[in-house]
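Trainee: Since the structure of chain W is provided, determine the placement of chain Z on it from the hints.
Each chain, written out:
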Amino acid sequence: MLVTSALITGLGLGSMYGLLALGFHVTYAVSATVNFAQGSSMMLGAVLTYTFAVRLGWPLPLAAALALALCALYGMIVEILAVRPFAKRGSNAWLMATVALGIVADNTVLFTFGKEPRGFQMPWATGSFEVAGITLSPLHVVIPVAGLLLAAALNIFSTRTRAGKAMLAVVQNPDAARLMGINVQATILGAYALSTVFAGAAGVLIAPLFNVNADMGTLFGLKAFAVAILGGISSAWGVMLAGILFGCIEALITALLGSTYTQILTFGLVIVALAAMPTGLFGRAAVKKV
Amino acid sequence: MNHWTRRTFIGAALAALLAPALPAFGADTIKIGLVTALSGQSARAGEALTRGLTIAIDELNAAGGVLGRKFELVTRDDEAVPAKGVIAARELVHKEKVAVLFGGLDTPVSIAIVPIMNEAKVPFMGPWAAGTPITKNGADPNYVFRVSAVDELVDRAILQYAQKTFGTKKPGLILVNNPWGQSNEEGLKAAMQAKGVVPAGIEKFEGNDVDVVPQLTRLKAGGADALFLVGNVGPSAQVVKSLDRMGWKVPIVSHWGPAGGRFTELAGPSAADVHFVQTYSFFGKQRPVGDKVLKALMAKYPDIKGAGDVTPAVGVANAYDAMQLVALAIKNAGSTDGPKIREGFYKIATYDGLIKTYSNPFGPGRHDAITESDYVWTQFIDNQILPVGMKK
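Going line by line, the protein sequences match chains W and Z. Using my numbering, read the first sequence as starting at 1 and increasing by one per residue. Using my numbering, read the second sequence as starting at 1 and increasing by one per residue.
A portion of the hints provided could be inaccurate.
Take a look, some chain W residues computed to stay more than 10 Å from chain Z by CB distance [as the list claims (entries may be wrong)]:
hint, residue
1, Ala32
2, Ala64
3, Ala65
4, Leu70
5, Ile80
6, Leu81
7, Phe86
8, Arg89
9, Asp106
10, Ala153
11, Asn155
12, Thr161
13, Trp237
14, Phe282
EDC-like cross-link-like pairs, simulated, lysine to aspartate or glutamate; straight-line CA separation at most 20 Å [to be verified]:
hint, chain 1, residue 1, chain 2, residue 2
15, Z, Lys136, Z, Glu186
16, Z, Lys204, Z, Asp244
17, Z, Lys249, W, Glu130
18, Z, Lys84, W, Asp215
19, W, Lys115, Z, Glu79
20, Z, Lys84, Z, Glu47
21, W, Lys115, Z, Asp303
22, W, Lys115, Z, Glu47
23, Z, Lys220, W, Glu130
24, W, Lys115, Z, Asp77
Derived, one-sided and incomplete: chain W residues facing chain Z with beta-carbon distance under 7 Å [what the hints assert, rightly or not]:
hint, residue
25, Lys115
26, Gln121
27, Ala255
28, Thr260
Source of the hints: derived by calculation from the structure; they are not laboratory data. Note that beta-carbon positions come from the ideal geometry of N, C-alpha and C, so glycine has one too.
Pulled out of the complex, with its shape left as it was, chain W reads as follows (with noise of 0.2 Å):
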């Protein structure tokens, strides 16, 4: 019974690490960089989702719908500040610059916003009923639908869709996608706007489950980095079975042993599984054949 309800419970916020995870594997996979302050793209989805439906008092489609284009253009304004500069010339120094971003984020956030934690109510989402014995809250069920359905949405766009198969071909020969008329730069550019608006999305469905402030995303874009590695990064489904295994890992843990020791043997897991796999779970190594 307990080992059930953990297991429900893994599966919802797993799949939110996934979703985060996946923006970490859409990036890297087309440029090799990512956004490392995902966790603030996340926070900036459930922010403004709540700014419009709740303090504007739009119906909740369209503010979050809203809130998600806005995103978008977040994701793009960080590839074209933090990324580009710093990639086009050979550096690492996106890495950094991506979180200074997302700290400029988290604080502006944080002023406009306001200080205080607030509760993002959905009437939907409240109550609880029986299936099978055991009793379960809509958001359990939302939760990782949501997040698996947007997974399917990324594999279809990316196989049956023009905009997806110039992204797959960027992803395994940039020159000769470059060579064949595609353009590698709006497809980067726009590889950013989708990998926020998966973060953005995750925050919009954690929300009613926690509540909105502006650090909420910290802690989960961590967990999401460590998914993404775990999972290997250049695998799509790889970072979302890594990211619903890792969270019912983790509610297993606290299910049986109480959330104090959570962290410390989630992430030591985590250690032990990379040194076994260097590629993650689900990666492969990189041919490069010379």
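Mentor: Below, chain Z without anything else, positioned relative to chain W:
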């Protein structure tokens, strides 16, 4: 003596004679410091403390201040982080030279500041943080005083209230994992042992845990018929939300963590099921001091239109009474010297205050002015804190 030096000498002499007649505001006030959480989940409580102190200081200054000097309030935000509280306390004591430091909303921050104040020999007045070891810190001489709830007394009151109101036989303890939770774990264990009560379990959870269902499930399996909750606004809200997800309806008797912020907004409608302790409420029949303070609040702060808008009331009430007691202590001391103010606290005979009439509130070994009999049990109805049973 030539012209130049004689003129200078006369000018300097005149200046020296006239100087005391000129208003020298900055140099002649008694500075009172406040280090508290002005941002984060308990920002509202920090704001209430600031307001309580401001109202009291305005009132004292209007009557001419103390020792012929007016009071000036200097505040710093500790962001609920002990390290930042320590830095702020050092700055206020050594650079701003405050006569008395008010501080501590979060017990961990207070505990970190206590050794600094005892070393600097400057009185430290606690208007909120309830951790027992704050005033019972083993220092001699002890410069830490408090006008607020005390964990070991609150813990006794929690058990008694649960037994009286819900007929609790087997409580489950759900406590936040920090020094405040620890202080209450000891207090609750002692209270239960004194009455021969065996708990269904003692569970801890982290302040930033999203999901507390595993711990609560273990308590439910242990046969808990009521929950004793200790945690700030955020963690307490997560406990209430986790209970909702589990579909478990159980009485919750809590310390005053929920009072610190927007509990109903964070926890949802089930927030009303949590009964928590307070030292004061502006609802119900007020004593003349209560009416006076409420009027002053409504006059100064446009967002306060009635008793229900003073949330949390204990912040305002504790801070107001504490400031008045500090003023009496400084008057008794006849100076702003730390050790003398400390003795001045012991000399306070009576003070007709907001929370109660204080009679010799402080003495050696007695640094807490508020006792068990002053506690009030309340709950959140919408966004206001009302005494239990009182409907809006």
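Trainee: Of the numbered hints stated previously, which ones are contradicted by the structure, given in increasing order?
Mentor: none
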